[in-house]
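A.B. asks: Sequence:
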Amino acid sequence: MVEQLTQHDPRRIGPFEVLGRLGAGGMGLVYLARSASGRRVAIKTVRTELAEDQLFRVRFTREVEAARAVSGFYTAAVVDADPRAAVPWLATAYVPAPSLEEIITECGPLPAQAVRWLAAGVAEALQ
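Position one of the sequence shown corresponds to residue 1 (full-length UniProt numbering), numbered consecutively onward.
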């Protein structure tokens, strides 16, 4: 579910126009954005206090490099990134789908076969 932007949210990240919020986590916020050509992307941003930590920046840069090296049916391709920006960010192809949390909230615990399928997809993505 895409949430409306607040007055504190950026309107642009790198070359992308920010359209809404997709979610938040311990590391930062995730936004839905659009490229100049109209392609939709999900942009993960880093919280300010983490962005000020040089060791974290090194780890985030490694995460960006690792994400660029991964490809497959179960992963969203990296479109662009700037780990050296004032607010580091990583943009991937946007895959419109409910989160695992949303599925479990709506449907309850997953059947064993669905968990096996999910685990197989995660394992393939990590290879």
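Honestly, the hints are just simulated from the structure, not real lab data. Everything numeric in this text was worked out from a predicted model, so none of it was measured. Where a beta carbon is used, it is the ideal one built from N, C-alpha and C, also for glycine. Please note: incorrect hints may appear among the correct ones.
DEER-style ranges, computed between Cβ atoms [to be verified]:
(1) A69 / M27: 17 to 23 Å
(2) I104 / T48: 30 to 36 Å
(3) L55 / H8: 36 to 42 Å
(4) R62 / R39: 34 to 40 Å
(5) V122 / M27: 14 to 20 Å
(6) G14 / V58: 19 to 25 Å
(7) W117 / T61: 16 to 22 Å
(8) R40 / L100: 27 to 33 Å
(9) R68 / E106: 29 to 35 Å
(10) P111 / Q7: 22 to 28 Å
A.B. asks: Evaluate each hint against the coordinates.
C.D. replies: Each hint tested on the structure:
no. : hint                   : result
1   : A69 / M27: 17 to 23 Å  : 20 Å, holds
2   : I104 / T48: 30 to 36 Å : 31 Å, holds
3   : L55 / H8: 36 to 42 Å   : 26 Å, violated
4   : R62 / R39: 34 to 40 Å  : 26 Å, violated
5   : V122 / M27: 14 to 20 Å : 19 Å, holds
6   : G14 / V58: 19 to 25 Å  : 20 Å, holds
7   : W117 / T61: 16 to 22 Å : 33 Å, violated
8   : R40 / L100: 27 to 33 Å : 21 Å, violated
9   : R68 / E106: 29 to 35 Å : 33 Å, holds
10  : P111 / Q7: 22 to 28 Å  : 43 Å, violated
The earlier numbered hints that this structure contradicts are 3, 4, 7, 8, 10.
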